[in-house]
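> Residue 1 is where the sequence shown starts when you use full-length UniProt numbering, and the numbers rise one by one after that.
In case anyone wonders, no lab produced these hints; they're calculated from the structure.
Predicted model only: the values in this text are computed from it and were never measured.
Among the hints, erroneous ones may be present.
[To be verified] Per label pair, the in silico range of CB-to-CB distance: (1) Ala-99 <-> Ala-300: 26 to 32 Å; (2) Ala-351 <-> Ala-146: 21 to 27 Å; (3) Ala-431 <-> Asp-498: 39 to 45 Å.
C-beta atoms are modelled at their ideal positions from N, C-alpha and C, and glycine is treated no differently.
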Amino acid sequence: MPSTLHRPAPDATGVSRRTLLGVAGLSATTLALGVEAPASAGGPPPRTNPFTLGVAAGTPGPDSMVLWTRLATDPLAADGHGGMPSHPVPVHWEVARDADFTRRVAHGHALAQPELAHSVHPQVTGLEPATEYHYRFRTGRHTSPAGRFRTLPAAGAEVASFSLGVASCQAWYHGHFTAWKHLAAEADLDLIVFTGDYIYEYGIRSGDNLWRQGVELGPEHGQEVQTLAQYRLRYSLFKTDPHLQAAHARAAMVATWDDHEVENNYAGSQSQYGLSEEDFLLRRAVAYRAYYENLPLGPAALPEGPHSRIHHSLDVGRLARLSVLDTRQFRDPVPQDEQRVADPERSILGAAQEAWLTERLRTSPAQWNLLADGVAMVPVTDDRVDQWDGFPAARQRLMDQLARVSNPVVLTGDIHHHAAAELWADPTAPAPEAEPVAVELICSSIASDGDGKPGGHPDWTAHPYVRAMDARRGYVHVTLTPQEMRSRFVVVPWVEADDTAPARTAFAFRTPAGSRRLLS
1 MPSTLHRPAP DATGVSRRTL LGVAGLSATT LALGVEAPAS AGGPPPRTNP
51 FTLGVAAGTP GPDSMVLWTR LATDPLAADG HGGMPSHPVP VHWEVARDAD
101 FTRRVAHGHA LAQPELAHSV HPQVTGLEPA TEYHYRFRTG RHTSPAGRFR
151 TLPAAGAEVA SFSLGVASCQ AWYHGHFTAW KHLAAEADLD LIVFTGDYIY
201 EYGIRSGDNL WRQGVELGPE HGQEVQTLAQ YRLRYSLFKT DPHLQAAHAR
251 AAMVATWDDH EVENNYAGSQ SQYGLSEEDF LLRRAVAYRA YYENLPLGPA
301 ALPEGPHSRI HHSLDVGRLA RLSVLDTRQF RDPVPQDEQR VADPERSILG
351 AAQEAWLTER LRTSPAQWNL LADGVAMVPV TDDRVDQWDG FPAARQRLMD
401 QLARVSNPVV LTGDIHHHAA AELWADPTAP APEAEPVAVE LICSSIASDG
451 DGKPGGHPDW TAHPYVRAMD ARRGYVHVTL TPQEMRSRFV VVPWVEADDT
501 APARTAFAFR TPAGSRRLLS
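Could you build all of it, start to finish, from the sequences and the hints given here?
Here it is in structure tokens:
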């Protein structure tokens, strides 16, 4: 969502294709060594602490988890290399049942290679379902902070309760990550779902868009991000935040992207700002590469040039099925007129992903069927073509699918507002007679657009199916049981001045199983 995250003037010198082409394909060996490697592989470890970007876990299963860290002795080094040498560095990892690591259940080695920004993505298997574990990394004499995760329940298991934290849109330069601090402190948190805009590509300039008080940045952060080195540096900047690190260490995360991981409002292979398709795909390739390097993703998400598969699904026993969608990579171009908006062939997911999602919904055994979605699905206005409003035929196809499954819920971000909405079969129907198809829970931003304020946007609040809105920063906490879903929309009063703001509940709803409504 552009909002006040305005695009600065482009760099007058431009960026050459040769610079963008610094993203040669990775060999299978490189990928494999980033997951598992001999203990003797690699060169000498760094002398200073390389675990400045924290640890993370993701891509969860009932018996498996992907662990992540990225070595960086100088995370904000202007060249984007994090102060690391040009040789690979061996990294040891371990997983235990206790925080003191006396009950170790798995361990291994991976190779942090410069080709992957010295990140590693070891896959741990053979774990017990629905079990909490602790993990950490070591290289040389340095040990990382410890993280924890909980494996998913076994396939077909009856699950009494499962909790999610939903977050999105973390423009570091617009404010402190106070919302992450409070989410990390939630007593009940099984999984974090991130719905897009993990970074922003805009140049950061004091007196312009640097609203986070108490920080200073060098000129290397002032240029719009376009090259692999620049994307790596931007991830480093955001990931140095201690509250984001604490949230990653608190629970496993599943994530999708929206637009700012590459470029504002891009559509498939189309740039909004006039880049040729060839040049934009080169930019998308480096952006997707950096995304993989900085998140706890499995091998399936490793990009091949400008292509990456991040859509996937997971089951929480018989309680829930979560399908994580990609609404950017495969969408059709921005339409030029209303007739093209209404074209029944237009898709925001692409034909292959639509077919995949249809099958995941059709075969779901779950009580709750959740979609993690990059842009808002609820109808708002006809001119918001960057959201599902720009793909009405595709939305209707999905609505027809959701009408046939048990308890569908859409989890979204993007708009920098909390919004609780019902998706109606006929959005023009009078409220008392309206037939709901699904519930949409839209989380506000972590920091994007600064402090914010109570209340909502009139384009949204004019619709009776938008039940509540709030434009302050925060996250949504969701608890699922076989009987109901409870959603709590948490806000913080300020983020620009410092990170001391308290957490408050702006509004909360419950959705009884079978009702498809938001009840106060």
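> Compare the structure with each hint and give your call.
Now the hints, each set against the structure:
1. A beta carbon spacing of about 31 Å between Ala-99 and Ala-300 agrees with the range 26 to 32 Å that was offered as a hint.
2. A hinted range of 21 to 27 Å is violated for the C-beta pair Ala-351 and Ala-146, which are about 44 Å apart.
3. For Ala-431 and Asp-498, the Cβ-Cβ distance of about 42 Å falls inside the hinted range of 39 to 45 Å, so the restraint holds.
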